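Novice: Okay, here's what each chain looks like letter by letter:
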Amino acid sequence: MDLVSKYQGYVGRVFGNENSDSNEDSYVERLLDRISNGKLAEDRRTAMVELQSVVAENRGGQLAFGAMGFPVLLSVLREERDDVEMVRGALETLISALTPIDHSRGPKNEVQPALMNSDLLSREADSISLLLNLLAEDDFYVRYYTLQLLTALLTNSPTRLQEAILTIPNGIIRLMDMLLEREVIRNEALLLLTYLTREAEEIQKIVVFEGAFEKIFSIIKEEGGSDGGVVVQDCLELLNNLLRTNASNQVMLRETLGFDPLISILRLRGSAYKFTQQKTINLLSVLETIQLLIYGGQEADPSRHTNRLTNITALVKVLDQLLMLGVESQWAPVPVRCAALQCIGDLIAGHPQNRDLLATKLLGEEPNVESALNSILRIILRTSSVQEFIAADYVFKSFCEKNPDGQKLLASTLTPQPQSMTYAPYEDDVHMSFGSMLLHGLTMSESNGDLETCCRAASVLSHVLKDNLQCKEKVLRIELEAPVPTLGGSEPLMHRMVKYLALSSSMKSNDGKSSARNTYVEPVILKLLIVWLSGCPSAVQCFLDSRPHLTYLLELVSNPATTVCTRGLAAVLLGECIIYNTSTDSGKDAFSIADAISQKIGLTSYFLKFDEMQKSLLFTSAKPALSRKPLTRSTAASMAEIEDVDENEALDQKNDHPMLVSTFDLQFVNFVKQLEGDIRDKTVEIYSHPKSQVAVVPAELEQRNGEADADYIKRLKSFLERQCLEIQDLLSRNATLAEDVARTGGSGSSGHERRPSSGAERVQVETLRRDLYEASQRLEMLKTEKSQIESEAETLKNFAAKMEAELQSLSNAYNSLEQTNIQLEDEVKALRSGGSSGGGMSAKDIEALKAEAREEAQKESEAELSDLLVCLGQEQSKVERLSARLMELGEDVDKLLEDIGDDDDAGLGEDDEEDED
Amino acid sequence: MSYAYLFKYIIIGDTGVGKSCLLLQFTDKRFQPVHDLTIGVEFGARMITIDNKPIKLQIWDTAGQESFRSITRSYYRGAAGALLVYDITRRETFNHLASWLEDARQHANANMTIMLIGNKCDLSHRRAVSTEEGEQFARENGLIFMECSAKTAQNVEEAFISTAATIYKKIQEGVFDVSNESYGIKVGYGNIPGPQGGRDGGNTQGGGCCS
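As they're listed, the protein sequences go chains A and B. The end of the first sequence is residue 917 by the UniProt record's numbering, with every number in the run present. The end of the second sequence is residue 211 by the UniProt record's numbering, with every number in the run present.
Excised from the complex, chain A in its bound form:
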């Protein structure tokens, strides 16, 4: 409801801007009023008719109706069932409201009333169940219009309706019942169910539960099978919707009806020469059904694989019909033939029984019976359609995959025909063996200069050789006569292929501009050679037997005129010459190839070719198999129309040529990626263990018994010379590699300019570095020296402090002496005075005593003073010596002394005083 008011708000704004629409607004409103409140039945019916025409013709009318009309009309549908005319009118009006009016005048991004109205109607409570209820009405038109209305709703808001229908228990059952109705309704119901079942698994299952398969097949039968009209197409589209990635429904079909009904549709009856477009579409649709069954259920479904296998086993019965459509029928249109061939490929891929069955199939009538595989090969060689070639090529690819016996069988017939046969006209090839036809195809370009056929045959040959050493060896032995007998003898098939490869590149350069064709001839032949050489040393040997091959390949890798893929594939081929090389001949062994690469191309730019190829679209978008879009009514016509992809068109679209896309399938891409890793490893290995050309045998370096000195010296000399040569060789190789590395380092904006200067710089840097090292070492030395001196200074300082303390104690001793002296003097004085005043002693005596005592005391103190002085002298000389030493060590002696002096001043001062005393 909230949304409704929002829409109404929007509608109001729109009307506010446009007066004409505003008129419609009120007109619609009046009509709705008449319908809901009118008393006269006739008047209400007229109002309904008018409303319908306004809504059908006018965008504004649709908008206005959307804003107000739904409740009114739904109530008519709900409550006035008896008035059939009103119900019909209401349904018709609703259909008109949901049908887009083609209006060119409005801007593109404005609101689309039909979509908006669908949304509003599907949001109305119970609107869907109300409509489904109407399907039970007796009136034909009511049911018919209801179906149309539901279809319109589905087209505009599919998910909403799918969800709504699932919540109504009998909803789908009602719709399914419509399939049993009269033709018109049945066809309408078919369309409705087709929309309903798109990508809605639960609905698909319910529809099947209600017996859809039986009903679909019986309608198809009624309508004449593949010769039927668009109804058959609708049935098949519904069928495909029910089976697409729905394993449960596939099991149900297989277990109950089986696949026989499908076969009978594919079977061509009577007028097999006439393929109308409708018939083409019908057949394409059944072929799609078969493909869906072969594909199995959903990707993630764990049971998909078993379901798939069971389907394929059961579908083998279709093989005859497929061969008829894809191979035998000359009148079947290209798209049908392609689809049939692709189904054949899918049927035999990874399924040995089906594969063997195909190998035994014979086609045609006596006396022109031939094996089906031969017929398919003829299609490959002859068809004018690239698409058809790709589909037929896919059959051979599927046939040869992990099928060594099948490959051997095909290869066993590869024997060259005598010269006369090589130029035999095509028409005679019914009696040719598979191998002869293939060889003929490979070499026939000789006569007309067109490599197309050769390229197609090369593609088939690469399937035959893939992963099969025996076949590779066998085909290696095939010798072809020279095209012009006078020009020498025969040459191996492989050499001829390389020649064609060279021819195709030269053709391109002659043309100036590359045609679409030449974009794939080179890659296809290169692919053949890559497959051939893989794991097969003798093939490598054969390839290298001709000296120019290597030169040509080296040129191709660095040829800027070819495509990224051609260069990449050529690089891969070169790599194979390294990793699968067992040769010991110099010039042909792995080491010389690696050498040649590094000298002619440079290892870095060689490996760059791989990277470029890996980054190309072909590699990044490689798919496991061709996938098709579902056929619907809208796409069917165009699918049936395509006769072939126009080559120019393919170029214009910037897409890669379909031929290239099929050449670079996922398997080949992975194969190449894996090869690349091997090539890198092997190259590194080769360079890390260079093969020594001079064997060093210690015993040989000794002088032999009886060998003359001169000979010995000569021998050693020559040995040294050889070693010297090898060292030179290694050095030069090292230089090349270093240059390569340097180029990689500098590869950026400045590229080559940097290179010459970098050498000098490097030297300078080296010198500077050495200087730096020296300086830092010196610094280190000085540092330890300094710490030594510091510790020495510390001990000296301690020593000085001790001296000072001693001095202090000496001065203290002196002080106490002086004190004693004074005391004694006082005593003498006292004695003297005591003597003169009342003592027994005479003054003279006292005087004498006093002098004597003084003398004595003086003597005593003098001795002590001289002791002190001696001591001081000793200290002084010590200090002097230390000072000198400190000075020597670079210490600031004055400062040190001052520091000590600060503490000592007092003591020293006392000393001085004492001196003066």
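These are calculated hints, taken from the structure and not from any lab test. A hint or two may mislead.
[To be verified] Going by beta-carbon spacing under 8 Å, a handful of chain B positions derived as facing chain A:
#1 F31
#2 V41
#3 E42
#4 N52
#5 P54
#6 K56
#7 W60
#8 S70
#9 R73
#10 S74
#11 R77
#12 G78
#13 A104
#14 H107
#15 F145
#16 E181
From a predicted model like this one, the values you see are computed outputs, not experimental measurements. Where a beta carbon is used, it is the ideal one built from N, C-alpha and C, also for glycine.
Following the hints, position chain B against chain A.
Specialist: Same frame as chain A, but now just chain B:
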């Protein structure tokens, strides 16, 4: 591929009672102890023989979760038989039977044969619903009853076959109009040997007369 009749079954009941395992045991004769939750509905099929007639069973195994109820309801009307399953070790699955039955009565055709199945009877030591209770519920609601085990395969065949036998009997009695496929019953086309086809025809006609 040819059959005299084709019956459509549905299997319903709470989530985790073993519906998918019952179907797997019946169609593939194997037991999968760990089974993914069924999403929506899964299909299975098998041929059985009743009264010497080949009968094809198409079985739709539904998701028991509440969120799928609206989807699974769509399967009721077109089914001839329903297996209503509960787990004898979980009382609540038995208690919910009434609501399942109500659903079935509301959406299915009135003649649908319903078989009540107490599954996991191999776990008798953990039993939470007695056999008698099951029997009583079946009797009160007119259902056939059986206890079985999808794990040991005990009674699994019997459950599907006896349901088919009941439907077959109803056909013989003329309860169904077999030409109307909406009852979940289909008469096989073509390949039925003459006498059998004749007898079929006779039976249905007989039924028609009686009704």
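Novice: Evaluate each hint against the coordinates.
Specialist: Hints, verified against the model:
The restraint placing F31/B at the interface with chain A is violated, with a minimum CB-CB distance near 16 Å, outside the 8 Å limit. Given hint, V41/B at the interface with chain A, holds; its Cβ is 5 Å from that chain's nearest Cβ, closer than 8 Å. Given hint, E42/B at the interface with chain A, holds; its Cβ is 6 Å from that chain's nearest Cβ, closer than 8 Å. Given hint, N52/B at the interface with chain A, is violated; its Cβ is 21 Å from that chain's nearest Cβ, farther than 8 Å.
With a least beta-carbon distance of about 13 Å to chain A, the hint placing P54/B at the interface is violated under the 8 Å criterion. Hint on K56/B holds. Least Cβ distance to chain A is approximately 7 Å, under the 8 Å limit. With 8 Å as the threshold, the beta carbon of W60/B comes within range of chain A, its nearest partner Cβ sitting at about 6 Å, so the hint holds. Given the 8 Å rule on beta carbons, the hint for S70/B holds: about 5 Å separates it from the nearest Cβ of chain A.
Of the supplied interface hints, the one on R73/B holds, with its beta-carbon coming within about 4 Å of a beta-carbon of chain A, less than 8 Å. A distance limit of 8 Å between C-beta atoms decides the matter here; for S74/B the minimum to chain A is near 5 Å, and the interface restraint holds. Because the beta carbon of R77/B sits about 6 Å from the nearest beta carbon in chain A, less than 8 Å, this interface hint is met. Interface hint at G78/B: satisfied, since its Cβ lies 6 Å from the closest Cβ of chain A, which is below the 8 Å cut-off.
With a cut of 8 Å, the hint placing A104/B at the interface with chain A is violated, because the nearest CB-to-CB distance is about 11 Å. For H107/B, the shortest C-beta to C-beta distance to chain A is roughly 5 Å, which falls under 8 Å, so the interface hint holds. At about 26 Å, the closest approach between the beta carbon of F145/B and any beta carbon in chain A exceeds 8 Å, and the interface hint on this residue is violated. For E181/B, the shortest C-beta to C-beta distance to chain A is roughly 6 Å, which falls under 8 Å, so the interface hint holds.
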